[in-house]
Structures are given as C-alpha cells and as structure tokens.
Amino acid sequence: MNYKAILFYLGLFIFPLSGLSFLNILYSTYFDYFLSIESYTITFFLTLVTGIFFYYYGKTSVKKISFYEQLILIILVYFFSSFFISLPYYLSNYQITFVDSIFESISGLTSTGFSIFENIKYLDPTLILWRSSSQWIGGLYFLIFLIIIFSNNQYNFRLNHLVHTGNMGSFSKSNTKNIIFQIFIVYSLLTFLIFIILNIGSVRLFNSLNLSMSIISNGGFLPANTLNQIFLKENHYILAIVLLIPTLNIFFLFNSYSKQKIISNHQEDIFLIVFISVLSLLMFYSFNDIGISEIIINIISSISNSGISFTKSIDGSIIFILLCAMGGTLISNSSGIKFIRIYILVKTAAAEIIKLVRPNNIFNNTIFYSQKKIDNQTINLSFLIFISFFIGIFILSSILIFDNISFENSFKLSILTLTNTTNSSLYGVSDTNFSNLLTSTKLFLIIFMIIGKIELISVLILIKKLLIKE
Numbered sequence: 002m003n004y005k006a007i008l009f010y011l012g013l014f015i016f017p018l019s020g021l022s023f024l025n026i027l028y029s030t031y032f033d034y035f036l037s038i039e040s041y042t043i044t045f046f047l048t049l050v051t052g053i054f055f056y057y058y059g060k061t062s063v064k065k066i067s068f069y070e071q072l073i074l075i076i077l078v079y080f081f082s083s084f085f086i087s088l089p090y091y092l093s094n095y096q097i098t099f100v101d102s103i104f105e106s107i108s109g110l111t112s113t114g115f116s117i118f119e120n121i122k123y124l125d126p127t128l129i130l131w132r133s134s135s136q137w138i139g140g141l142y143f144l145i146f147l148i149i150i151f152s153n154n155q156y157n158f159r160l161n162h163l164v165h166t167g168n169m170g171s172f173s174k175s176n177t178k179n180i181i182f183q184i185f186i187v188y189s190l191l192t193f194l195i196f197i198i199l200n201i202g203s204v205r206l207f208n209s210l211n212l213s214m215s216i217i218s219n220g221g222f223l224p225a226n227t228l229n230q231i232f233l234k235e236n237h238y239i240l241a242i243v244l245l246i247p248t249l250n251i252f253f254l255f256n257s258y259s260k261q262k263i264i265s266n267h268q269e270d271i272f273l274i275v276f277i278s279v280l281s282l283l284m285f286y287s288f289n290d291i292g293i294s295e296i297i298i299n300i301i302s303s304i305s306n307s308g309i310s311f312t313k314s315i316d317g318s319i320i321f322i323l324l325c326a327m328g329g330t331l332i333s334n335s336s337g338i339k340f341i342r343i344y345i346l347v348k349t350a351a352a353e354i355i356k357l358v359r360p361n362n363i364f365n366n367t368i369f370y371s372q373k374k375i376d377n378q379t380i381n382l383s384f385l386i387f388i389s390f391f392i393g394i395f396i397l398s399s400i401l402i403f404d405n406i407s408f409e410n411s412f413k414l415s416i417l418t419l420t421n422t423t424n425s426s427l428y429g430v431s432d433t434n435f436s437n438l439l440t441s442t443k444l445f446l447i448i449f450m451i452i453g454k455i456e457l458i459s460v461l462i463l464i465k466k467l468l469i470k471e
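Read in order, the letters of the sequence shown are residues 2 to 471 in my numbering.
These are calculated hints, taken from the structure and not from any lab test.
We put the beta carbon where it would ideally sit given N, CA and C, even for glycine.
Misleading hints may appear alongside valid ones.
[To be verified] Pairwise CB distance ranges, derived in the manner of DEER restraints: (1) LYS178 with SER287: 48 to 54 Å; (2) LEU13 with LEU36: 27 to 33 Å; (3) LYS64 with GLU353: 18 to 24 Å; (4) PHE193 with ILE464: 36 to 42 Å; (5) ILE396 with ASN94: 15 to 21 Å.
Working from the sequences, and respecting the hints, build out all of it.
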C-alpha cells in the first residue's frame, strides 16, 4: 500500500478547504460577524497545516496509486474533509454536538441536504454560506473522482466510456492537472451562469450566491426555510432552468457554446431532456391542482437528486421517489442508478421479449442509436448496479426501523440517502427531525450517504481486496 502517495493526494484535497475558510473570514470581517471569525480562523490554520504536512510527507513518493488505493483516497477525502467542515458547526454558539456537526458536514459534502437545523432564518449568515460552500466543494470533488478515478478501464462499473467526458484524451500523470483544471473551470463557469440567471429572476444576491453553489452540486441546502421565501411566484420557471443545468453532462452546455458535435456526443442528455418533457406533459394532465412549472421543477429536482420543491404535499410522491432512484446523466453530480443504465436494462429486456415472439427479428443493440454498442459486460454491470442499489435500500431500511421510523418513511429515507436527495415535502418526509435520531442511526446515514456517492460496488471491491490479499 502506497500510504505516502495517498496522503500526498489527500493533502491536495484538503488545501481548497483553507480557501473556503479564508473566504468566510473575509465575509465575516466585511459584514462585522466577528463572533464567527474564530471558528473559521481555526479551520483555516488546521486545514493549511494538515494539507502542508500531508503534501510534504508524500512529496517524494511514487505518485502512481492503484484503483484500490484510489478508493481508499476517496473515502479518506470524505472523512477528513467532513471533519474540517464540521468545525464551524461545532465551534458555533448553537451548541451542536460533534456527531451532529459531522452529520451536517457529510450531508453537505455529499450534496444530500439532510439537516439538523429546523429553522434556517435564525442561523448566522456566515454559517449558511459555509453550508452552501461545503456542497459546492463536494460537487467539485465528486466530478474529479467520477472522471479521473471512476473512468478506470478495469473497474468501469460507472460505464463512463459510454458518454462524452470532454476532450481529455487518455489519463496520465502528465495531463491529470489539466483535466482537474478543465473540470474546475467548467464547474465554476456553470456556477456563475446559475448565479446570473437567479439574479435575473429577482432573487436576492445572498440567496443567489448560496443557491448557485447548492444547485450546481445538486444539493438540498437552502439559505431560507422554504423556496417560497426566496422566489416570487411568477419566477418559478427560473428554478426549473437552473435545476436542469447540473442534471445534464457537465460538458453539455460547454460543448453547446463551442459547437462541438453536440448531437453525436450527447445523446444521453438529449434523450433525458425529451424524457423530462414527455413526463411533464403526462403529469400535467394527471395532477390538475399543480401548475406546469411546478411539475417540471418537481421532475427535474427529483431526477437531479436535489429534491428542493415548492410543493407542500402531493399524493403521487412515490413517482418522484422513483425518479430520484433514476438519477440524471452519468457525468453529473446526480446519484441514483442513472438514466443510461436504466435505458440499457429496459432496452435489453424489451429485446429478449421480442425474441420470444419473433425469433428471427434483428435486435438493434446500439445506445441511443449511436455507434456505441450494448455488450454483455455493459448489461451485467447495469444489472449489478441495479441489484446493489436495492440491497443498500434493504439494509438501510432495516436499520432505520429500529429508530421508531415507520416502514414507509424508512423506505423513502433509504432511497433519498442512497441518491443523496434532500427530504423535502415532495416526498412526504419533510418532518423528519435528524437531530433527534439515535447516534447509531446518524452514523449509518453518514456511511450510506458516502456509499450513495461512491456506490456499494466500490465498497465491495475494496472489502474483497482487503480480505483476499494477492
């Protein structure tokens, strides 16, 4: 095990937290929130010292690490980052326990949106900004993991090779910095685009800043108690537009601007937009008491795994829960099974049924009618993801029941946890008080929020490697 190299990369992932801490120090100083400066100053120096120590400790090591070591690195990044992000919560004047602080930080880092805070309007504005920035950095980290680590050819259960991942070429030590820089630039530009659109929609500057960081990461943290306190009723459509941006492949809008074969490279995104449009029309005729803009927001918010909504209650919440399980495109911050995997399973199942009726029928095994083929390995991996996802739901649901949570709510919360979706009223579980849950339940939710990002298969691969040493 190349421990030095793992710590070297871990140090690099800790450094950005120093930047976020420094920005909050500046914000606190400028707006005279002097009671908050101490916690961010402590976080700034701890992250800076730890990052420098890990960096120089592993600087002389061989920087190439195996896929198993990369998985360990991802897990360490989540736990170390969550610890540092939890410090401003723990050191604040709100008397938050350490476990609750870690829970809030992991929820932000994984863009889940579960919160121990019941009334956001009483929070210090610097802490609201800290919550949103934790989601922003978590979304950036996940995209880096997704494109650089989870594009491994040997363990390609993410199926990233089936979709466009930018003009990055083959991954190597020499171009890794360029790849990360490109991801950072595109991610930052899309965040700024969302910020501009929200300002055009008459959203307050502070709310626009926080929402742009939450939405780009498909997060669920809001700078207010409800969306109705942020958006004017006539501007609800603005939210639908900005929610769609992170649902699609991160390079979709970037390539649209540069006119780089948008149709041939992004069939998955185009099919997903068509699916959302058709589903919106069908639901519009099914739910007569909800406007079309609100329906579109609910659909996109569920598929993107953000979960934020204007809807207070709805009879068809199970439909939106299933949309959460679907998730968005592969190269996005959404979680869940993912749209393309479900497409592969449905198309394969339909082909098998057709073969029984018409044995001589020729099956079109292309993906979205492109040149990419659906082979047996792709089918097996898609099915494996599907099975592991529901195994995770079964395990977590069984754990939540022991905390006096009803079977229905435990089932819903399990899906929301594994898809990193916030528990809004759209799903009928907005009244869940996470601060009152057992400590053991919170710890299991923390673990499964991380599993929702890295997938259960990653954990099983790592366990297998640790138990069977070659």
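Output the indices of the hints that this structure fails to meet, ascending. 3, 5
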